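Peer 1: Chain by chain, the residues run as shown.
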Amino acid sequence: KAGVTQTPRYLIKTRGQQVTLSCSPISGHRSVSWYQQTPGQGLQFLFEYFSETQRNKGNFPGRFSGRQFSNSRSEMNVSTLELGDSALYLCASSKDLNTGELFFGEGSRLTVL
Amino acid sequence: GENVEQHPSTLSVQEGDSAVIKCTYSDSASNYFPWYKQELGKRPQLIIDIRSNVGEKKDQRIAVTLNKTAKHFSLHITETQPEDSAVYFCAARDSGTYKYIFGTGTRLKVLA
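Sequence order for the protein chains is X and A.
In terms of my numbering, the first sequence has 12 at position 8, counting the first letter as 1, and numbering is strictly consecutive.
In terms of my numbering, the second sequence has 22 at position 24, counting the first letter as 1, and numbering is strictly consecutive.
None of these hints come from the bench; they were simulated from the model.
A portion of the hints provided could be inaccurate.
Said to hold, decoys possible - When the alpha-carbon atoms are kept at most 30 Å apart in a straight line, the in silico DSSO-like pairs for lysine-lysine are as follows:
#, chain 1, residue 1, chain 2, residue 2
1, A, Lys35, A, Lys20
2, A, Lys69, A, Lys107
3, A, Lys69, X, Lys99
4, A, Lys107, A, Lys35
5, A, Lys40, A, Lys56
6, A, Lys40, A, Lys55
7, X, Lys99, X, Lys61
8, A, Lys35, X, Lys61
9, X, Lys61, A, Lys69
10, A, Lys35, A, Lys56
11, A, Lys69, A, Lys55
12, A, Lys69, A, Lys35
13, A, Lys20, X, Lys99
14, A, Lys55, X, Lys99
15, A, Lys55, A, Lys20
16, A, Lys56, A, Lys107
17, A, Lys35, A, Lys66
18, X, Lys61, A, Lys40
19, A, Lys107, X, Lys61
20, A, Lys66, A, Lys55
21, A, Lys20, A, Lys40
22, X, Lys99, A, Lys66
23, A, Lys56, A, Lys69
24, A, Lys66, A, Lys107
25, A, Lys35, A, Lys55
26, A, Lys40, A, Lys107
27, X, Lys99, A, Lys56
28, X, Lys99, A, Lys35
29, A, Lys40, X, Lys17
30, A, Lys107, A, Lys55
31, A, Lys69, A, Lys20
32, X, Lys17, X, Lys61
33, A, Lys56, A, Lys20
34, A, Lys66, A, Lys20
35, A, Lys55, X, Lys17
36, X, Lys61, A, Lys66
To be verified - Coverage of chain X stretches by chain A, computed from C-beta distances (three or more under 8 Å per stretch; other residues unrestricted):
#, segment
37, 38 to 48
38, 51 to 60
39, 68 to 74
40, 80 to 89
Remember, predicted model here, so these are calculated numbers, not experimental data.
No residue lacks a Cβ here, since even glycine has one placed at the ideal position from N, Cα and C.
Build out the structure end to end from the sequences listed, making use of the hints.
Peer 2: In structure tokens:
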């Protein structure tokens, strides 16, 4: 069974640009959540999608957005990039909302210059 | 707002000693508390979890305890080994929204 797949794994952007990150959950998993990981800040929750609907949203500015498709694949977009957006963006999937375990992808490492 | 505090941020122990990581949560509606281990350059992986109707859970060398009244939960690793070196994250999940809030992580170093 394939794990959670995130693309691209690494990317470099400049300030003001935008970026789209993709996440393919484990087959059969309907919930996808996104986290920003930076040194010292742990895993900060961005948003969660279930059956194409955003169920929860973290405390990030509107420049951060996401969506989920009918096949449960998810994308997140960051517009007008800032230096502080440099981070590892992790996607996690779970079978349902009430299922305990989150399965994480390897992340997309974004560097903003 | 919802918050999970995790201590210490770094922890160094001698191989064979025990390690304890503590977390405190603020949301009374939290009912599920997982612990994730993230080795260097790898994805976080679940190592143990506990639900609010249980006070303690053990799996070989790792155990988790939960004090609902104090809103504390802790990870205990006994007989530490070099392969236990990693960053450990605690989390609390809200029973209504199913939203996870993670702690800031503890970097554990097991010295051989």
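Peer 1: Against each hint, give a clear statement of whether it holds in the structure.
Peer 2: Tested hints:
Between Lys35 (chain A) and Lys20 (chain A), the direct Cα distance comes to roughly 14 Å. Compliance with the 30 Å bound is thereby established for this hinted pair. For the proposed pair Lys69 (chain A) and Lys107 (chain A), the alpha carbon gap of about 27 Å is at most 30 Å, so the pair holds. For the suggested pair Lys69 (chain A) and Lys99 (chain X), the alpha carbons sit about 27 Å apart, so the restraint of at most 30 Å is met. For the given pair, Lys107 (chain A) sits about 13 Å from Lys35 (chain A) by alpha-carbon distance, which is consistent with the 30 Å threshold.
Between Lys40 (chain A) and Lys56 (chain A) the CA atoms are separated by roughly 25 Å; this keeps the pair inside 30 Å, and the hint holds. Under the criterion of a C-alpha separation no larger than 30 Å, the hint pairing Lys40 (chain A) with Lys55 (chain A) is consistent with the structure, at around 26 Å. Distance hint between Lys99 (chain X) and Lys61 (chain X) is fulfilled; the C-alpha atoms sit about 19 Å from each other, no more than 30 Å. For the suggested pair Lys35 (chain A) and Lys61 (chain X), the alpha carbons sit about 24 Å apart, so the restraint of at most 30 Å is met.
Distance hint between Lys61 (chain X) and Lys69 (chain A) is fulfilled; the C-alpha atoms sit about 24 Å from each other, no more than 30 Å. Straight-line distance between C-alpha atoms of Lys35 (chain A) and Lys56 (chain A) comes to about 16 Å, which keeps the hinted pair within the 30 Å bound. A distance of roughly 16 Å separates the Cα atoms of Lys69 (chain A) and Lys55 (chain A); the hinted pair therefore holds under the 30 Å criterion. Distance check on the hinted pair: Lys69 (chain A) and Lys35 (chain A) sit about 22 Å apart at the alpha-carbon level, within 30 Å; holds.
Restraint check for Lys20 (chain A) and Lys99 (chain X): the C-alpha separation of about 28 Å stays at or below 30 Å, so the hint holds. Restraint check: the Cα-Cα separation between Lys55 (chain A) and Lys99 (chain X) comes to about 23 Å, which is no more than 30 Å; the hinted pair holds. Proximity of Lys55 (chain A) to Lys20 (chain A) is assessed by CA-CA distance (about 15 Å); at most 30 Å being required, the pair is judged to hold. With a C-alpha separation of about 22 Å, the suggested pair Lys56 (chain A) and Lys107 (chain A) falls inside the 30 Å cut-off, and the hint holds.
For the hint linking Lys35 (chain A) to Lys66 (chain A), the alpha-carbon distance of about 23 Å falls within 30 Å, and the restraint holds. Taking the CA atoms of Lys61 (chain X) and Lys40 (chain A), the gap is about 25 Å. The hint holds against a cut of 30 Å. Of the pairs offered as hints, the one joining Lys107 (chain A) and Lys61 (chain X) is violated, with about 34 Å between alpha carbons and a cut-off of 30 Å exceeded. Distance restraint check for Lys66 (chain A) and Lys55 (chain A): the Cα-Cα separation of roughly 14 Å lies within the 30 Å cut-off, and the hinted pair is therefore satisfied.
Note on Lys20 (chain A) and Lys40 (chain A): the hinted pairing holds, with a Cα-Cα distance of about 23 Å set against a maximum of 30 Å. Proposed proximity of Lys99 (chain X) and Lys66 (chain A) is supported: the alpha carbons are some 27 Å apart, at most 30 Å. For a cut-off of 30 Å, the pair hint linking Lys56 (chain A) to Lys69 (chain A) stands: about 19 Å separates their Cα positions. A distance of roughly 29 Å separates the Cα atoms of Lys66 (chain A) and Lys107 (chain A); the hinted pair therefore holds under the 30 Å criterion.
Taking the CA atoms of Lys35 (chain A) and Lys55 (chain A), the gap is near 17 Å; set against the 30 Å cutoff, the hint holds. Between the alpha carbons of Lys40 (chain A) and Lys107 (chain A) the distance comes to roughly 16 Å, so the proposed pair stays at or under 30 Å and holds. A hinted pair counts as satisfied when its Cα atoms are at most 30 Å apart, and Lys99 (chain X) with Lys56 (chain A) qualifies at roughly 24 Å. A C-alpha spacing of about 20 Å is found between Lys99 (chain X) and Lys35 (chain A), which places the hinted pair at or below 30 Å, so the restraint holds.
Distance hint between Lys40 (chain A) and Lys17 (chain X) is fulfilled; the C-alpha atoms sit about 23 Å from each other, no more than 30 Å. As the CA atoms of Lys107 (chain A) and Lys55 (chain A) are separated by approximately 24 Å, the hinted pair is consistent with the 30 Å bound. Using a Cα cut-off of 30 Å, the hinted pair Lys69 (chain A) and Lys20 (chain A) holds, with the two alpha carbons roughly 11 Å apart. Straight-line distance between C-alpha atoms of Lys17 (chain X) and Lys61 (chain X) comes to about 25 Å, which keeps the hinted pair within the 30 Å bound.
The straight-line distance between the Cα atoms of Lys56 (chain A) and Lys20 (chain A) is roughly 16 Å, inside the 30 Å bound, and the hint therefore holds. Distance check on the hinted pair: Lys66 (chain A) and Lys20 (chain A) sit about 13 Å apart at the alpha-carbon level, within 30 Å; holds. Proximity of Lys55 (chain A) to Lys17 (chain X) is assessed by CA-CA distance (about 45 Å); at most 30 Å being required, the pair is judged violated. For the given pair, Lys61 (chain X) sits about 26 Å from Lys66 (chain A) by alpha-carbon distance, which is consistent with the 30 Å threshold.
A count of 6 residues in the segment 38 to 48 of chain X with a Cβ less than 8 Å from any Cβ of chain A is obtained; the coverage claim is therefore met, three being the minimum. Three residues within the 8 Å Cβ limit are the bar, and the segment 51 to 60 of chain X against chain A gives 3, so the coverage statement holds. Against chain A, the segment 68 to 74 of chain X contributes 0 residues with a C-beta closer than 8 Å to a partner C-beta. That does not satisfy the three-residue criterion, and the hint is violated. A stretch counts as covered by a chain when three or more of its residues have a beta carbon under 8 Å from one of that chain; for the segment 80 to 89 of chain X and chain A the count is 0, and the coverage is violated.
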